[in-house]
Amino acid sequence: MAKTSGISQKELVQTVLKSPVHFLAFGFGSGLSPKAPGTVGTLAAVPLYLLMVQLPLTYYVLALVVATVVGIWLCGESARLLGVHDHGGIVWDEFVGFWLTMLMAPAGWVWIVVGFALFRLFDIWKPWPIRVIDRQVEGGLGIVLDDILAGVYALVVLQVLAFAVGS
1 MAKTSGISQK ELVQTVLKSP VHFLAFGFGS GLSPKAPGTV GTLAAVPLYL LMVQLPLTYY
61 VLALVVATVV GIWLCGESAR LLGVHDHGGI VWDEFVGFWL TMLMAPAGWV WIVVGFALFR
121 LFDIWKPWPI RVIDRQVEGG LGIVLDDILA GVYALVVLQV LAFAVGS
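Per my numbering, the very first residue in the sequence shown carries number 1; after that it's consecutive.
Think of the hints as simulated: they come from the structure by calculation, not from any bench.
Just so we're clear, the structure is a prediction, and the values are computed from it rather than from any experiment.
Any given hint could turn out to be false.
Claimed, not checked - Lysine-lysine pairs mimicking DSSO-like chemistry, simulated, CA-CA at most 30 Å apart:
1. Lys126 <-> Lys35
2. Lys10 <-> Lys35
3. Lys18 <-> Lys35
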């Protein structure tokens, strides 16, 4: 469950912009959005997805694995430095979850929008076991793992929809 630190928004912006760890964990600053930082962070993941999708599948998966492993450390370290488990502005996990959702997705903006919506739905709704993991797994792993599971749920639904419409 996302929380906020006790520092002001101005102090948070300064902290994020000065620290490479925070800057990356906050999705290149997208997590600084005062409204819906998770949604804004997921939106910020789209341009990078458009670059990643040009890669052969093996390299896409490799990039996803690296982003996940690095993200576990980044998110955990950013949370530790801020003194808050899963600060709402830490959105690197949304990047990873969205990129997982889009793994092998059909080409086209319609599928990007559907994948985006499905990922946000599962990330916000947190059906079992996502909510349990979100509440019980600590550190960077807990921050990233619930988004990985939301990404898996969204990926499955996206693939079923693509199959159903013949894409």
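Taking the hints in turn, this is what the structure says about them:
1. Lys126 <-> Lys35: Holds, because 19 Å separates the two Cα atoms, which is no more than 30 Å.
2. Lys10 <-> Lys35: 15 Å, holds
3. Lys18 <-> Lys35: Holds, at about 22 Å.
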